[in-house]
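Could you build the full structure based on these sequences and the hints that come with them?
Residue numbers (numbering that gives the first Met the number 0), protein chains in the order written: chain A, 0 to 248; chain B, 0 to 248.
To be clear, the hints were calculated from the coordinates, so they are not data collected in a lab.
Predicted, not measured: the structure shown is a model, and the values here were computed from it.
It cannot be assumed that every hint is accurate.
One copy or any two copies: either way a pair holds, since identical chains are not told apart in the list.
Said to hold, decoys possible - DMTMM-like mimics (lysine to aspartate or glutamate), calculated; alpha carbons at most 25 Å apart, straight line:
| no. | residue 1 | residue 2 |
| --- | --- | --- |
| 1 | K31 | E15 |
| 2 | K47 | E166 |
| 3 | K195 | E59 |
| 4 | K231 | D94 |
| 5 | K62 | E50 |
| 6 | K87 | E59 |
| 7 | K47 | E226 |
Protein chains: 2
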Amino acid sequence: MSKKVITAGIVVIGDELLSGRTQDSNISYIAKWLEPLGIRVEEARIIKDCESIIVNTVREFSKRFTYIFTTGGIGPTHDDITADAIAKAFNLSIDIREDAVRMLKQRYSDKELNKARLRMARIPKGASLIKNPVSQAPGFQVSNVFTLAGIPSIMRAMLIDVQDRLETGIKLYSIAVMAEGISEGDAALPLSMIEKSYNNVILGSYPNFNSELIGVQFVARGPDSEELKKVKLQLEAMVDNLKQTESIK
Amino acid sequence: MSKKVITAGIVVIGDELLSGRTQDSNISYIAKWLEPLGIRVEEARIIKDCESIIVNTVREFSKRFTYIFTTGGIGPTHDDITADAIAKAFNLSIDIREDAVRMLKQRYSDKELNKARLRMARIPKGASLIKNPVSQAPGFQVSNVFTLAGIPSIMRAMLIDVQDRLETGIKLYSIAVMAEGISEGDAALPLSMIEKSYNNVILGSYPNFNSELIGVQFVARGPDSEELKKVKLQLEAMVDNLKQTESIK
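Here is the structure:
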């Protein structure tokens with residue numbers, strides 16, 4: 000329990016995610032991947048391929064959170080401007096780097112390595128490269144910002160090379176109690192009483208809803224797994240209680 | 000073409016979306032729903048159930064964009080704090096409102112309408128209610144901010160009552176050309192040349208990628224559908240050209 004609270008912010012970059020054309024899956028993947036490392040995602044943003052917005056968002060997040068993950072905008076086409084924006088955010092110069100070119104050469108012949116593809120070797124000065132075992136074009140780390148590809152399969156593969164660079168934090172455990180035929184409004188009072196009796200437990204309730212209410216899932220999260228076992232028993236007792244009240248009505 | 004550019008920001012509120020427990024689907028749904036109205040989503044954020052963050056985000060978005068849509072945090076439990084945060088963002092008082100209570104009474108008996116459920120009738124002063132045909136507890140509009148439920152089926156039903164309140168903007172059309180066996184890096188140069196020859200066309204390229212490259216989808220968007228037809232022909236010619244070059248190699 001001597002570990003620190005470690006936080007993260009996620010910045011997903013790409014017009015196609017804001018037009019509704021593409022459904023983002025990178026945010027929830029990164030969040031799930033960070034959970035066992037004890038790193039808590041505090042905020043996620045989906046922003047346009049626009050330099051000033053990328054610069055401002057990265058600068059703000061870099062101050063607020065321990066780690067920042069960006070995805071998207073590091074390909075070979077004219078709308079791939081993330082690398083330049085990250086350089087600008089940290090007032091770094093940017094140029095084609097030989098170690099990144101060597102990575103690209105594992106995939107492309109000299110003839111294929113045209114000007115557009117060489118854009119993928121433009122890396123902010125002093126950045127540390129992040130390996131891409133799928134398509135070779137690397138991501139990179141500048142300060143506390145990890146810049147990854149947008150394509151989910153490549154982004155996920157890049158995280159392997161990121162893991163050892165992260166300080167791990169206080170791990171949060173979670174337990175869930177599913178209650179059918181119970182409504183949030185009936186559980187609200189006992190639920191808040193359970194939460195108040197613990198200092199380090201966060202309780203949430205998530206209704207399952209189609210056209211009609213199916214039930215509620217109660218989720219407790221906290222750093223102490225023994226404490227959560229007690230909370231689980233209390234939640235189960237609460238659900239039994241509410242069901243009895245319901246059947247008396 | 001005399002219409003204005005109308006913009007939107009989306010704020011998705013809920014810890015469960017940042018732990019990776021729940022995959023958000025509201026952002027892409029709202030973005031797709033706004034597209035035929037000519038309203039462009041400029042940014043989307045997923046934020047925690049934390050009052051100061053909700054307040055700051057809503058204030059910032061309310062200045063930057065024509066319309067803001069928030070989802071989540073208007074239920075009956077202790078972690079549902081969105082209504083109070085919106086009131087604070089606009090320096091409004093907040094209290095239980097009779098018209099909102101009447102809506103809740105369509106669903107709940109007087110006995111069921113406990114203190115927790117009455118929280119769902121707490122509405123910032125002067126707000127206009129948004130009907131909820133699924134579970135009655137209303138959303139509300141304050142200034143240019145529409146506060147909706149987080150449960151997707153309810154959020155979607157609430158949009159019906161929002162539509163007539165929105166000014167429509169310049170509609171963006173889009174065309175897509177799918178090219179198998181072509182790589183973004185080869186298309187980058189001709190693609191940027193096509194984009195430069197039009198003032199109002201945005202071109203994007205989106206690789207289909209599993210473990211290997213399958214192909215690329217080129218998407219053009221713009222306000223002039225006739226112009227997009229020309230762009231489509233140019234993109235198709237570009238793809239044919241690249242395929243011939245590929246087969247000569």
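Query raised in the report: Which numbered conditions among the earlier hints are violated in the structure presented, ordered from lowest to highest?
Result: 3 and 4
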